[in-house]
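Each chain is listed here by its residues.
There are 2 protein chains.
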Amino acid sequence: MFLFSPQAQQLRSLLNPKKLSSFIHTHKHNRMAAAIPAAAQDAQNREAFRQAVVNTLERRLFYIPSFKIYRGVAGLFDYGPPGCAVKANVLAFWRQHFVLEENMLEVDCPSVTPEIVLKASGHVDKFTDLMVKDEKTGTCYRADHLLKDFCKEKLERDANLTEEKGAEYRHILAVLDDLSPEQLGAKIKEYGITAPDTKNPLSDPYPFNLMFQTSIGPSGLIPGYMRPETAQGIFVNFKDLYYYNGSKLPFAAAQIGQAFRNEISPRQGLLRVREFTLAEIEHFVDPEDKSHPKFSEVASLEFLMFPREDQVSGQSARKIVIGEAVAEGIVNNETLGYFIGRVYLFLTQLGIDKDRLRFRQHLANEMAHYAADCWDAEIESSYGWIECVGIADRSAYDLRAHMDKSGVALVAHEKYAEPKEVEKLVITPIKKELGLAFKGKQKMVVEALEAMGEKEAMEMKAALESKGEVDFRVCTLEKDVTIKMNMLTISKEKKKEHQRVFIPSVIEPSFGIGRIIYCLYEHSFYTRPGRDGDEQLNVFRFPPLVAPIKCTVFPLVQNQQYEEIAKLIAKSLTAVGISYKIDITGTSIGKRYARTDELGVPLAITVDSTTSVTIRERDSKKQIRVSIEEVSSVVKEVTEGLSTWNDVLWKYPTHSS
Amino acid sequence: MFLFSPQAQQLRSLLNPKKLSSFIHTHKHNRMAAAIPAAAQDAQNREAFRQAVVNTLERRLFYIPSFKIYRGVAGLFDYGPPGCAVKANVLAFWRQHFVLEENMLEVDCPSVTPEIVLKASGHVDKFTDLMVKDEKTGTCYRADHLLKDFCKEKLERDANLTEEKGAEYRHILAVLDDLSPEQLGAKIKEYGITAPDTKNPLSDPYPFNLMFQTSIGPSGLIPGYMRPETAQGIFVNFKDLYYYNGSKLPFAAAQIGQAFRNEISPRQGLLRVREFTLAEIEHFVDPEDKSHPKFSEVASLEFLMFPREDQVSGQSARKIVIGEAVAEGIVNNETLGYFIGRVYLFLTQLGIDKDRLRFRQHLANEMAHYAADCWDAEIESSYGWIECVGIADRSAYDLRAHMDKSGVALVAHEKYAEPKEVEKLVITPIKKELGLAFKGKQKMVVEALEAMGEKEAMEMKAALESKGEVDFRVCTLEKDVTIKMNMLTISKEKKKEHQRVFIPSVIEPSFGIGRIIYCLYEHSFYTRPGRDGDEQLNVFRFPPLVAPIKCTVFPLVQNQQYEEIAKLIAKSLTAVGISYKIDITGTSIGKRYARTDELGVPLAITVDSTTSVTIRERDSKKQIRVSIEEVSSVVKEVTEGLSTWNDVLWKYPTHSS
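Order-wise, the sequence lines are chains A and B. Every letter in the first sequence is one number past the one before it in this note's numbering, and letter 557, counting from 1, is 567. Every letter in the second sequence is one number past the one before it in this note's numbering, and letter 370, counting from 1, is 380.
Among the hints, erroneous ones may be present.
One copy or two, either will do: identical chains are not told apart, so a pair holds if it fits within one copy or between any two.
Stated by the list, open to error - When the alpha-carbon atoms are kept at most 30 Å apart in a straight line, the in silico DSBU-like pairs for lysine-lysine are as follows: (1) Lys661 to Lys646; (2) Lys505 to Lys146; (3) Lys249 to Lys581; (4) Lys441 to Lys465; (5) Lys164 to Lys449; (6) Lys304 to Lys158; (7) Lys425 to Lys505; (8) Lys158 to Lys209; (9) Lys300 to Lys465; (10) Lys425 to Lys78; (11) Lys591 to Lys430; (12) Lys146 to Lys425; (13) Lys158 to Lys591; (14) Lys646 to Lys505; (15) Lys591 to Lys601; (16) Lys199 to Lys415; (17) Lys465 to Lys506; (18) Lys489 to Lys441; (19) Lys430 to Lys661; (20) Lys425 to Lys304.
Derived by calculation from the structure, the hints in this document are not laboratory data.
All chains should be built: construct the whole structure from the sequences, respecting the hints.
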């Protein structure tokens with residue numbers, strides 16, 4: 011379950027502002043800077059940097075607002091040709107790095123999901139955001155967004171802000187995610203917040219379910235939803251997958267696919283969208299053994315971590331060796347630690363800046379009650395720190411939920427070498443007595459008694475034997491009842507067992523692919539002066555792994571001989587599986603280089619003779635000369651990581667233009 | 011637009027039955043055979059073969075009925091681990107064979123689509139099937155299914171069928187797709203067809219829209235649908251894509267993604283599902299030049315084609331050289347012919363049997379009115395001939411529809427070398443006279459006059475000059491009106507034009523990926539006797555390109571040394587990007603081979619010493635001995651098609667077990 015709640019994190023980063031210099035490449039000094047508060051200046055710098063990135067991305071069709079000719083729909087985006095290629099590359103690397111490397115079982119389930127599945131998972135009842143309506147026009151807003159915007163505006167723009175008020179707004183921002191509908195509504199009233207577009211009064215906040223609803227089949231009798239995550243498709247298949255794996259734990263299943271969330275009012279461009287690609291892993295383990303055989307392979311990695319205690323005590327993220335974090339109990343177990351390490355390698359190999367990547371542990375109040383531990387890979391962008399990967403130990407919660415709802419056993423077995431004699435707790439409620447005592451409510455009392463753990467039951471037994479009666483909390487009745495000696499027996503019996511039967515724990519790394527890609531765009535973007543020194547040229551420094559096209563082919567001048575050679579080279583590139591773009595326009599070579607730098611193409615081949623060509627590297631702008639026969643194999647070597655650019659710089663003569 | 015109407019084709023194949031022997035591998039002679047009609051015997055053989063394939067597919071998790079623990083939902087299937095790998099391989103090859111080879115512009119658009127887009131495309135109004143309801147229970151059925159089942163049942167099972175009645179049922183099956191709701195309803199009444207489950211009477215047939223409907227955003231004011239095809243996402247982006255391609259034609263855009271159809275009553279297992287993967291290409295060309303520069307590369311291919319004329323005259327599909335089909339005008343143009351050839355290569359390289367693949371031209375009544383020509387790649391399966399790829403020249407229809415609805419020009423430009431003097435038709439209605447003559451209706455008359463083509467207009471001019479008035483059909487009024495001399499002027503004016511502006515034609519190859527994969531399963535499946543001769547073992551003869559796992563690694567006996575070597579080999583396979591499965595169970599080697607044959611794994615590595623291992627090929631069962639150092643590179647060579655199995659059989663010593 012990928013939580014996607016970036017507001018909180020983003021705000022936390024505003025409260026503890028990090029250095030922002032890395033955002034500022036193209037932004038010129040703002041004359042007003044001295045007159046406005048520092049936070050607003052930061053926000054302006056971020057905004058200017060983001061505009062430069064987004065303009066380039068839209069102009070070069072990395073993405074396109076969907077259905078643009080019909081004025082689009084908020085929160086829906088197309089990937090255009092280079093964006094689509096980047097996405098395919100990221101997903102192919104994900105498959106290589108996780109699925110193939112760990113021999114995971116990949117599945118591919120439909121998005122259309124019947125209600126019962128999402129009822130079991132809790133989405134039908136709880137997957138909501140709080141909404142307020144403009145009381146006159148009916149326009150909907152997210153309640154927390156309005157309150158957040160109000161507080162931020164005050165903090166950033168109000169020069170007369172008292173210290174007391176400032177502290178109040180900062181406090182609201184920090185606890186925003188924990189406010190109840192009533193608390194949110196009260197604050198909106200107190201501050202006199204109105205509808206942003208009309209200034210009309212607003213309704214009280216109420217929950218809106220974020221799933222797209224539909225109906226399966228023609229009768230209208232099967233309600234369904236577009237899945238809000240891919241994980242449930244794996245959980246419902248646990249039984250078959252466990253059998254497929256030879257009835258052995260641990261194993262992992264994985265799924266890449268579309269997920270859907272009907273956001274109330276999508277903002278933040280590509281970060282908060284209504285349809286997106288998730289890549290999720292469910293790693294099933296024995297809850298009594300969460301060690302990982304390959305943990306040693308990542309144990310010495312050191313990177314920015316932000317444990318719960320450090321957040322609470324107001325410190326910043328710090329570099330920790332993951333092996334030590336597990337040894338010291340900061341990270342709950344080896345398997346969780348292993349995946350944190352693998353996620354770090356995945357993101358940094360894609361090109362995410364390791365100094366702007368941190369693993370933040372969920373605070374106690376953020377974490378689901380069943381979760382053992384949870385860490386988010388957060389990437390710093392112009393929007394703040396963004397949750398891009400969630401890595402959670404969700405214990406047995408999901409399998410148990412589906413087991414309860416479906417009645418199908420979603421369990422694993424561990425055969426004992428020889429049968430074991432075990433003491434088993436036996437709780438036998440005396441239904442007649444309970445019926446007399448709790449008329450009409452005895453069912454809830456019986457269920458609560460039977461659900462007692464060993465410790466609680468033995469304590470009750472002792473209390474009953476000494477005092478004859480005992481108070482007992484029945485959660486479903488929301489009160490204590492008095493249990494007497496004659497209402498139940500509690501004993502321990504010895505049994506021979508041949509196997510242990512248990513619900514596996516699941517450790518879930520869940521990747522928001524679109525968010526990772528957007529952050530990658532920001533981390534890869536830079537500008538440099540053009541030849542004439544006046545204009546700034548845009549470059550994406552994608553590693554070849556990610557680059558949408560691996561190389562371009564340019565005849566230096568328009569001439570049939572050169573064009574024939576360009577086509578020959580194109581053919582040999584296709585043969586070795588390298589994507590390329592050929593540009594035979596008469597545009598100056600400098601302009602053609604600039605165009606492909608803007609697409610992040612790592613290598614450019616220029617045909618300037620009939621026997622050899624030059625290859626230019628994007629970031630260093632250095633060139634080498636290679637024979638026509640060799641060119642495709644050199645490009646393949648460098649783009650597939652078999653050689654580095656420095657290796658080939660040594661091997662081939664350099665060329666200066 | 012992938013039409014997915016397999017009923018008609020399937021029935022056509024029943025009318026002209028093909029040899030069925032290829033279906034029968036495991037089916038034992040049926041004692042009843044002599045007593046039942048031949049068509050029923052064929053149907054039984056097909057059914058038995060299909061059961062053998064489907065049982066294997068389900069048992070080995072190639073696919074899983076979705077949400078099985080909740081009793082599933084008709085028409086929704088998961089791909090389990092091997093099915094998911096096959097799908098990924100088919101899509102990777104599709105990208106290589108089409109997108110990379112032709113430098114297509116790939117896009118990736120959301121599935122959630124606002125109504126206006128699908129209103130423009132015609133789906134909101136016309137994407138329907140005819141439905142009847144059980145009048146008591148409300149259960150829904152497809153009207154054509156019920157009539158089809160009735161006729162088939164009569165033809166196959168009724169021993170007393172008269173020749174006349176037989177001809178009647180066969181005629182109905184042949185024209186089923188063309189029947190109006192009224193005709194369908196009349197036949198259902200005439201034959202006394204009732205609800206299959208209850209025998210209750212049925213309602214009259216009425217249209218049911220097959221799109222999953224939803225609502226975008228919280229207000230409920232933006233109706234939306236899950237897209238029924240991926241093509242529209244490309245059409246609405248034409249303007250940007252054309253610009254991205256340097257404002258040059260031809261170019262192609264491509265998209266792989268999910269599509270959704272809320273089938274009334276899904277049948278035929280994996281062939282008719284409610285959510286599926288489409289891969290679609292939209293190749294935009296100048297309508298005046300549909301030649302293709304690479305046509306010569308496919309022109310000499312010869313394969314089964316089934317032109318319109320041959321179908322009408324009752325002949326069978328025959329082998330035709332595609333170059334000749336284009337030269338003789340059987341196929342409308344080179345670009346369409348080029349894609350037909352490329353589709354043939356794609357399907358046969360995946361492992362589709364070329365003798366059970368045919369390209370069937372749409373009959374005049376099947377084809378949309380705007381289409382210039384349309385061919386379906388049909389694959390013969392146990393369900394009959396199945397439409398798996400549609401290859402259509404859709405003319406300018408789709409771009410024009412979106413241009414009309416959005417008001418955005420979706421056009422291409424061709425600059426003339428020097429300005430051209432052109433004669434342009436100028437029609438000038440005299441609105442005052444028209445208003446007097448057609449009070450309140452003059453707008454329709456004006457529009458109809460302005461829409462006249464050159465020929466019609468010049469004929470009207472001549473008629474007006476000779477007779478003074480003329481009858482003129484106004485379609486929007488559904489009647490003829492009388493046009494007089496004073497109501498308009500028609501003239502030709504000379505103008506200088508610098509460029510030609512036109513709406514491109516689109517040639518669309520559209521692939522139903524799930525259908526192709528299912529047919530591939532049937533074409534790849536065979537059985538052979540096991541060692542003891544009694545049991546039949548299942549094998550999928552997938553080419554390495556398709557195989558879900560490229561090789562298995564087996565220690566011959568359970569022993570730590572061999573297991574260490576197996577792990578070493580596993581690591582070297584991962585390093586070269588080869589997917590493998592390791593099996594260290596103590597099961598006999600014969601059983602382990604059988605298990606992986608059933609998954610279609612081409613090569614099995616058996617560790618039987620500490621220096622060298624054997625590699626066994628799945629279909630020949632031949633083995634070679636290779637050193638541990640070389641094994642991963644040999645496997646890579648063979649599975650990536652750089653060497654054949656015969657090549658390595660020559661190179662390495664054979665091993666007999």
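Hint numbers contradicted by this structure | Violated hints (numbers, rising): 2, 5, 6, 11, 12, 13, 14, 16 and 19; every other hint is consistent with the structure.
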